[in-house]
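Q: Chains as they are written, first to last, in UniProt numbering: chain P, 1 to 229; chain S, 1 to 229; chain U, 1 to 229.
Please note that a few of the clues may not be correct.
Treat identical chains as interchangeable: a pair holds within one or across any two.
[Claimed, not checked] Taking lysine to any residue and the SDA-like style, the derived pairs with C-alpha atoms no more than 25 Å apart in a straight line are:
id, residue 1, residue 2
1, Lys-95, Arg-70
2, Lys-95, Thr-192
3, Lys-95, Thr-80
4, Lys-95, Asp-164
5, Lys-95, Thr-77
Please keep in mind that the hints were generated in silico from the structure rather than gathered at the bench.
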Amino acid sequence: MIAGLDVMATQLDSAVNAAQRIGELLGVISFAASGALLAVRKNLDIFGMAVLACSTALGGGVIRDLLIGRTPPAAFTDLTYLCASLLTALVIFFKHPSRRLTRGPLEVFDAIGLGLFCVTGTAVAYAQGVGAPTAALLGMVTAIGGGVIRDVLGGEVPRVLRPDQELYAVPALFGAAATATLLHFDTYWAWTGLLAAGLAIGFRLLARRYGWHAPQARRDTGRLDRSPD
Amino acid sequence: MIAGLDVMATQLDSAVNAAQRIGELLGVISFAASGALLAVRKNLDIFGMAVLACSTALGGGVIRDLLIGRTPPAAFTDLTYLCASLLTALVIFFKHPSRRLTRGPLEVFDAIGLGLFCVTGTAVAYAQGVGAPTAALLGMVTAIGGGVIRDVLGGEVPRVLRPDQELYAVPALFGAAATATLLHFDTYWAWTGLLAAGLAIGFRLLARRYGWHAPQARRDTGRLDRSPD
Amino acid sequence: MIAGLDVMATQLDSAVNAAQRIGELLGVISFAASGALLAVRKNLDIFGMAVLACSTALGGGVIRDLLIGRTPPAAFTDLTYLCASLLTALVIFFKHPSRRLTRGPLEVFDAIGLGLFCVTGTAVAYAQGVGAPTAALLGMVTAIGGGVIRDVLGGEVPRVLRPDQELYAVPALFGAAATATLLHFDTYWAWTGLLAAGLAIGFRLLARRYGWHAPQARRDTGRLDRSPD
Chain P
1 MIAGLDVMAT QLDSAVNAAQ RIGELLGVIS FAASGALLAV RKNLDIFGMA VLACSTALGG
61 GVIRDLLIGR TPPAAFTDLT YLCASLLTAL VIFFKHPSRR LTRGPLEVFD AIGLGLFCVT
121 GTAVAYAQGV GAPTAALLGM VTAIGGGVIR DVLGGEVPRV LRPDQELYAV PALFGAAATA
181 TLLHFDTYWA WTGLLAAGLA IGFRLLARRY GWHAPQARRD TGRLDRSPD
Chain S
1 MIAGLDVMAT QLDSAVNAAQ RIGELLGVIS FAASGALLAV RKNLDIFGMA VLACSTALGG
61 GVIRDLLIGR TPPAAFTDLT YLCASLLTAL VIFFKHPSRR LTRGPLEVFD AIGLGLFCVT
121 GTAVAYAQGV GAPTAALLGM VTAIGGGVIR DVLGGEVPRV LRPDQELYAV PALFGAAATA
181 TLLHFDTYWA WTGLLAAGLA IGFRLLARRY GWHAPQARRD TGRLDRSPD
Chain U
1 MIAGLDVMAT QLDSAVNAAQ RIGELLGVIS FAASGALLAV RKNLDIFGMA VLACSTALGG
61 GVIRDLLIGR TPPAAFTDLT YLCASLLTAL VIFFKHPSRR LTRGPLEVFD AIGLGLFCVT
121 GTAVAYAQGV GAPTAALLGM VTAIGGGVIR DVLGGEVPRV LRPDQELYAV PALFGAAATA
181 TLLHFDTYWA WTGLLAAGLA IGFRLLARRY GWHAPQARRD TGRLDRSPD
């Protein structure tokens with residue numbers, strides 16, 4: 001583990017490090033955009049929009065940092081991510097689609113953030129010295145966490161749970177597991193990481209495009225009501 | 001404190017340790033079942049079910065581990081608990097009561113998890129060297145936390161708050177306080193811990209069976225609406 | 001930073017320390033009152049009320065302590081805060097306005113808690129050795145966190161997001177930034193801290209009184225529905 005960590009640290013000083021940082025930043029911006037678009041749909045004001053964008057963009061990483069004991073979390077010490085989130089919210093405030101058309105872009109940004117974060121989250125956790133399976137789990141939590149915070153704060157059932165939402169947790173798990181495998185076999189480079197992120201994003205977007213649904217538990221009746229009592 | 005910790009550590013190497021672990025595993029399985037049953041009621045698909053079952057089963061322990069500074073939390077390093085949760089979700093997926101009849105089993109599993117977690121949660125916190133009152137509080141949070149996560153993610157008001165729910169926090173507090181007392185007087189053995197858990201579970205189930213309700217704040221009007229504005 | 005920390009530590013042993021503690025206690029009581037009043041409005045029973053009051057009063061501080069790595073959080077080791085929250089809930093249980101009139105007092109208590117916590121939260125974080133901007137962010141999270149927990153558990157969209165709520169995050173950010181500035185220039189004394197808290201509270205209350213609203217994103221249609229799909 002320690003040896004793997006050294007290798008990792010060396011790798012992270014090189015091109016991987018830059019790619020990793022760019023990936024994190026793009027993930028933050030994508031999730032901030034998805035949060036800001038939900039804020040548009042919910043008619044929030046500019047400050048509510050900023051809070052929701054930042055919670056979405058930084059929430060997953062903060063949870064991951066708490067879980068690996070990195071305090072204070074990077075989002076509070078490196079203000080780049082916060083500024084990127086705020087800027088994104090500002091751009092969306094002035095430039096956004098008609099409210100009824102926010103759904104599509106929201107899902108695309110969410111998918112991009114999901115794919116990037118499951119890769120970078122896994123790599124950050126692994127670099128802290130945890131085992132590959134733990135790193136994959138933490139990466140998955142990083143990827144899913146921000147979206148759950150966004151949906152709960154916005155008063156919606158989280159996307160990761162909704163049956164009308166095509167596969168969501170599976171692409172995140174796939175990307176995180178792929179990254180953990182790459183890290184374990186010392187083959188996590190800029191392009192392999194990017195490939196894993198791209199595959200996860202593509203998986204999620206294809207699931208949406210073609211409506212790949214997971215099976216639901218057998219229903220006893222034909223009734224469609226959501227909350228029976 | 002340190003002396004007490006040593007005694008604790010010695011105890012935990014023995015039969016108590018095994019009982020503790022079995023108790024935790026049974027608590028995880030019970031909470032996973034309650035999460036999976038809520039997923040059935042909400043018509044979630046198999047992955048939403050797995051996510052809700054794991055969040056419920058592991059959430060309380062993860063919060064406790066964060067609060068006592070044990071990072072990464074046990075749920076991420078010891079994958080037994082995760083596998084047990086996933087297996088439970090899979091079993092419930094194929095074998096569950098009719099949706100309108102999920103409520104009863106959900107409550108029973110929730111009560112079993114509540115009773116087991118308030119005991120094991122208190123013991124784990126105490127073994128980390130905190131004082132008995134702090135350990136009892138942390139145990140109560142462990143027991144209540146998973147259910148709160150389940151209910152918030154599922155879009156319900158948490159059971160611990162609902163007035164139509166018979167006493168919920170009180171059995172958890174009772175079990176946690178009893179365990180802290182046992183630990184403080186070095187009388188926490190396998191059977192005393194089991195007894196405390198059994199009493200907490202019985203307390204909760206009896207409260208449900210006989211509709212023991214706590215008093216509500218005086219109402220000024222006879223109106224029954226829940227959210228006046 | 002270390003030098004600043006020493007200065008801080010010396011200051012905190014003196015009058016500032018007492019003022020800081022009184023401010024925290026008053027903040028806890030105010031937030032507990034706001035949580036208990038929401039519980040009255042939601043018809044919760046006495047235990048639900050106690051849980052909601054404690055979550056609101058202690059939640060923000062617990063999140064801050066987790067973020068700065070202070071485990072277990074103060075709320076679990078120094079039981080003064082818990083007892084103050086429970087006493088407040090008990091007082092509100094017996095003595096509260098008619099349910100339809102809870103809204104006004106709830107907002108006033110919330111504003112007092114918000115103003116006090118953004119100051120004390122920033123000071124606690126700064127005393128742990130983080131930089132001034134990080135301390136301000138952590139103070140803002142402390143101030144906002146408890147209210148978000150209260151609103152999410154109570155099944156409402158958090159006040160910090162709601163557009164019908166006059167400026168909320170801005171007074172908290174203002175108070176936290178002012179405190180961080182005071183701390184940075186070694187001018188954080190009992191009266192300057194109190195002034196910052198008073199200004200933040202006054203800012204929030206004036207925003208409410210005079211209906212200062214932040215701009216919302218341009219609406220394409222005149223439709224007022226909140227959740228279009």
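Q: Now, for every hint given, state plainly whether the structure supports it.
A: Status of the hints after comparison with the structure:
In this homomeric assembly, Lys-95 and Arg-70 never come within 25 Å of each other (Cα to Cα): the closest approach is 36 Å inside a single copy and 41 Å across copies. For a Cα distance limit of 25 Å, the shortest separation of Lys-95 from Thr-192 qualifies neither inside one copy, at 34 Å, nor across copies, at 41 Å. In this assembly of identical chains, the alpha carbons of Lys-95 and Thr-80 lie at most 25 Å apart only when taken from the same copy (22 Å versus 48 Å across copies). Only between protomers do Lys-95 and Asp-164 lie at most 25 Å apart by alpha-carbon distance; the minimum there is 22 Å, versus 28 Å within a single protomer.
For the homomeric pair Lys-95 and Thr-77, neither the shortest alpha-carbon distance inside one copy (29 Å) nor that between copies (44 Å) is at most 25 Å.
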